[in-house]
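Q: What follows is each chain in one-letter form.
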Amino acid sequence: MTELFDADTHVAPASFADLAGSLSPYWRDYAAGAALRADPVQASAYPPAMVDGPAPHDLASLRAAVLDAPGPGGARTGTAVLTCTTAFDVSRNHAFEAALCRAVNTWTAQTFLDHEPRARGSVAVPLGDPAAAVAEIEHRAGDPRFVQVLLPVRGHDLRWGHPVFRPVLAAAAAAGLVVTLHAWGRVGSAPTTTGFTHTYLQDYLSHGQVAQSQLVSLVAEGALGALPALRVTVAECGSSWLPPLLWRLDKEWRGIRREVPWVDRPPSRYVREQVRFTTAPIHLPRDPAELRDALDVLGAAELLLHAGDHPHRHGDGAARLLDALDPAGRAAVLHGNAAGWYRGAGAVVPHVPAPAPVRHAPEVPR
Amino acid sequence: MRLAVLPADELAPGEHRVVRVGTRSIGVFRVGDDYYALADHCPHQGGPLCRGSVAGAPVATGPSDVRLDEGHVLVACPWHGWEYDVRTGRSYQPGDAPARSLPASVEPGPPGMTPGPYTAETFEVTVEDRWVVVDTGRRPVTEETS
Amino acid sequence: MTTIDSTAATTRAPARRRTRTPIVDADIHPVVTPDRLAAALPEPWRRRFLRFGLRGAPPPAVYPRVRHGGMRRDSHPAAGPPGSAVRPPGSDLDLMRSQLLDPYDVVAGVLIPMQGHTAGAEEPAFAAALCRAYNDVLVTDWLDPEPRLRASICIPHESPAEAVAEIERRAADPRFVQVLFPSGTFLPWSDAKYRPIYAAAAAHGLPVAIHLGGTEGHRGDGWPSFYLEQHAWYGNAVAVALTGLVAGGVLEAVPDLQVVLVEGGVSWLPSLLWGLDDAWELCRDDVPWLTRPPSEIVRERLWFTTQPIDEPPVPAHLATTWEQTGMTDRILFSSDYPHWDFDDPITALRVLPAALRRPMAAANAARLYGLTLPGGDDD
Numbered sequence: 001m002t003e004l005f006d007a008d009t010h011v012a013p014a015s016f017a018d019l020a021g022s023l024s025p026y027w028r029d030y031a032a033g034a035a036l037r038a039d040p041v042q043a044s045a046y047p048p049a050m051v052d053g054p055a056p057h058d059l060a061s062l063r064a065a066v067l068d069a070p071g072p073g074g075a076r077t078g079t080a081v082l083t084c085t086t087a088f089d090v091s092r093n094h095a096f097e098a099a100l101c102r103a104v105n106t107w108t109a110q111t112f113l114d115h116e117p118r119a120r121g122s123v124a125v126p127l128g129d130p131a132a133a134v135a136e137i138e139h140r141a142g143d144p145r146f147v148q149v150l151l152p153v154r155g156h157d158l159r160w161g162h163p164v165f166r167p168v169l170a171a172a173a174a175a176g177l178v179v180t181l182h183a184w185g186r187v188g189s190a191p192t193t194t195g196f197t198h199t200y201l202q203d204y205l206s207h208g209q210v211a212q213s214q215l216v217s218l219v220a221e222g223a224l225g226a227l228p229a230l231r232v233t234v235a236e237c238g239s240s241w242l243p244p245l246l247w248r249l250d251k252e253w254r255g256i257r258r259e260v261p262w263v264d265r266p267p268s269r270y271v272r273e274q275v276r277f278t279t280a281p282i283h284l285p286r287d288p289a290e291l292r293d294a295l296d297v298l299g300a301a302e303l304l305l306h307a308g309d310h311p312h313r314h315g316d317g318a319a320r321l322l323d324a325l326d327p328a329g330r331a332a333v334l335h336g337n338a339a340g341w342y343r344g345a346g347a348v349v350p351h352v353p354a355p356a357p358v359r360h361a362p363e364v365p366r
Numbered sequence: 001m002r003l004a005v006l007p008a009d010e011l012a013p014g015e016h017r018v019v020r021v022g023t024r025s026i027g028v029f030r031v032g033d034d035y036y037a038l039a040d041h042c043p044h045q046g047g048p049l050c051r052g053s054v055a056g057a058p059v060a061t062g063p064s065d066v067r068l069d070e071g072h073v074l075v076a077c078p079w080h081g082w083e084y085d086v087r088t089g090r091s092y093q094p095g096d097a098p099a100r101s102l103p104a105s106v107e108p109g110p111p112g113m114t115p116g117p118y119t120a121e122t123f124e125v126t127v128e129d130r131w132v133v134v135d136t137g138r139r140p141v142t143e144e145t146s
Numbered sequence: 001m002t003t004i005d006s007t008a009a010t011t012r013a014p015a016r017r018r019t020r021t022p023i024v025d026a027d028i029h030p031v032v033t034p035d036r037l038a039a040a041l042p043e044p045w046r047r048r049f050l051r052f053g054l055r056g057a058p059p060p061a062v063y064p065r066v067r068h069g070g071m072r073r074d075s076h077p078a079a080g081p082p083g084s085a086v087r088p089p090g091s092d093l094d095l096m097r098s099q100l101l102d103p104y105d106v107v108a109g110v111l112i113p114m115q116g117h118t119a120g121a122e123e124p125a126f127a128a129a130l131c132r133a134y135n136d137v138l139v140t141d142w143l144d145p146e147p148r149l150r151a152s153i154c155i156p157h158e159s160p161a162e163a164v165a166e167i168e169r170r171a172a173d174p175r176f177v178q179v180l181f182p183s184g185t186f187l188p189w190s191d192a193k194y195r196p197i198y199a200a201a202a203a204h205g206l207p208v209a210i211h212l213g214g215t216e217g218h219r220g221d222g223w224p225s226f227y228l229e230q231h232a233w234y235g236n237a238v239a240v241a242l243t244g245l246v247a248g249g250v251l252e253a254v255p256d257l258q259v260v261l262v263e264g265g266v267s268w269l270p271s272l273l274w275g276l277d278d279a280w281e282l283c284r285d286d287v288p289w290l291t292r293p294p295s296e297i298v299r300e301r302l303w304f305t306t307q308p309i310d311e312p313p314v315p316a317h318l319a320t321t322w323e324q325t326g327m328t329d330r331i332l333f334s335s336d337y338p339h340w341d342f343d344d345p346i347t348a349l350r351v352l353p354a355a356l357r358r359p360m361a362a363a364n365a366a367r368l369y370g371l372t373l374p375g376g377d378d379d
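Protein chains in written order, with the working numbering: chain A, 1 to 366; chain B, 1 to 146; chain C, 1 to 379.
Source of the hints: derived by calculation from the structure; they are not laboratory data.
Just so it is clear, CB atoms sit at the ideal spot from N, CA and C, and this is done for glycine as well.
Any given hint might turn out to be false.
Chain C regions said to be covered by chain A (calculated; three or more residues, Cβ under 8 Å) [as the list claims (entries may be wrong)]:
(1) 120-128
(2) 266-273
(3) 280-286
(4) 320-334
Assemble the whole structure, with the sequences as input and the hints as a guide.
A: This is how it looks when you write it as structure tokens:
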């Protein structure tokens, strides 16, 4: 049976006390003075209805909930990438953000990576100060247990492809670290161009829209082209929106490529070579024939990385996906794609997926 | 059929013009002292290709390093801006929709550009007695089917 | 042999072509020139307009439209005598006839006056005067001389009382077939502020059309640097509008409201419907007013326009994706004339099987707008 590679499972300090040992006295006092707490809800991002309890804050709970728990089809977890988004909704104080990210990463290493060989880490970076983000990446680059750099998909006034963030992307690429755009981020920034939403539902679905903007930026600004070693994972933002985006982008590039002549291949080629997507959530049709078509159009077996995404609830889209894939596609999504994507786990060279349709099981179960 | 379509001196270097020959429209382009001709029909959605703007091919390594290669002149369809090399009719927009089957010579494109599948119809041009002559005898292998 | 100067404007159409099916074009952009607008404005608004202009920056000021200024390059009307006013694309009815209405057998075309997108966000009384003037000019310069045209009502959308008054003023004229909103509004579409406008439109049997433009401020998605990014995002803009209308309960609160999403395309819709239904199952307590899957509501209340047609590398994927909407009977052909990404009424939809595309050419729009098509339209 295929061993699982879980590309996104969450950990979080239960309180600031967990981070105290990694914060300087000044920042401990700052956090206490502001009555900051490491709220698992993360300022409306993960309300009670959308989680199965808090993210693990210690090794025992991580093992019980994820590493030693049976995955899809009863498979055991061979590797899990730990994601801590505690610093995502930090204030605009970039100095505090830098101190907090340093502390979060140290806490991740000391709490999990030092004791659990199946665990891999994500580098939280202070994007309010790109130079500090580069310093944090370089600080962790030599530790092979860290495999990705975490960027909130809902970011700053400028998109991640903008030149101001290029040193961050370049530092990650140089270290062989994947750059992961993860749902949520600066909840003080409205997710839509008409402002804050009236419902959680719309906020939740907005990540697909925001992720599309970020991918378009990474192409149009030339970031993916200038950094061919850069690999990007889009986590917890969906993926079935991708084909129409690429159709539109490829067509419009034909007409107005003169505006971005450094983009010298169709945008879809950069994305399909250098970007992958986690499976939580994945929004798919329920009709079996439509489901097969949707996976075919998406190129699901090449692009998707399994994510248990504990403790977040996303419905049964990922289960429908796995049921519809053929054995080879299922193995690729559950393990192979991620093993070839993250450093230390296998090949790290982006491969060029064939545009050929995915093969599917002859009949969709049930 | 060889047709003298306009006096050569009527076009300054860099200029182009659409001439009507019977029921067809043909774009005549002057690049330096060379003349080229294309059918006034964009293979994409049928726009009047040769009424488009003409400019050198952009060459770039990044946003801070962009220049125009004046030796490779492209005409942009006035509708969607899809661009074609005026010398060869070759598009530089890779895509998978089938090109109409038209005779056209293919030459290496400017650096950094990948030749696409679309090819605009081209004609051989000579300058005789200072007139531009278009040879429409190079007929398309197959006409457009509807 | 004749020669045509390629750089001069011409009213001559490319080779005249015949369609076998009448076309209803759901998105044509007229431009009201400043002199025509000023002539239609009463004082003190005429002086204000002439001496201070408008506050809202039109989108090209933010993202230069690198392809022919955002227009079909062949859509510029011939210049008038020296010293006369500039005549932008979309300002000349004769050219619109010769490039669009005549060669393609357009039996009806719906005007979308985008100038209202920003004018409608001006100070309330000024916005009301501007929109009334735009609508007056649409009547005198377009609808009266050309019976094939219909129009959208420009409204001061950020000033609901004035917007409702303008809807009431135009509702009796059957040539105004919908109420126009921009995708960029000050507040989300689900805000209570806008509901009187939706209610007034629904009360008069007028759909609300949401078209790209207006006062957009990129926030959490970050500001794009390039027009390519901004333009590729247009589908997302109307997808967000749809999500807000559904999740925010607007469609439940105004049960007779029909909404047309214009210039955002179609292909993104299936993925969004799947997401809406999945998220609804998880978020029932967040949206207690939604008592059935959102996709069911969308399929009863929303309409879409075809432009810009997608051109996937595997062409059959387009029909596959559009059929997954489950609402191809609510997709309307649109050309977006005279914009640069204009879709040719004959060639654009050819990628779709005939049975799928034929109702989109005219019948779907005729049903929405209550138009009578000429007989014998089936081929």
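Q: Take the hints in turn and mark each one as holding or not.
A: Going through the hints against the structure:
no.: 1; hint: 120-128; result: violated (count 0)
no.: 2; hint: 266-273; result: holds (count 5)
no.: 3; hint: 280-286; result: holds (count 6)
no.: 4; hint: 320-334; result: holds (count 3)
In summary, the structure is inconsistent with hint 1 from the numbered list given earlier, while agreeing with all the others.
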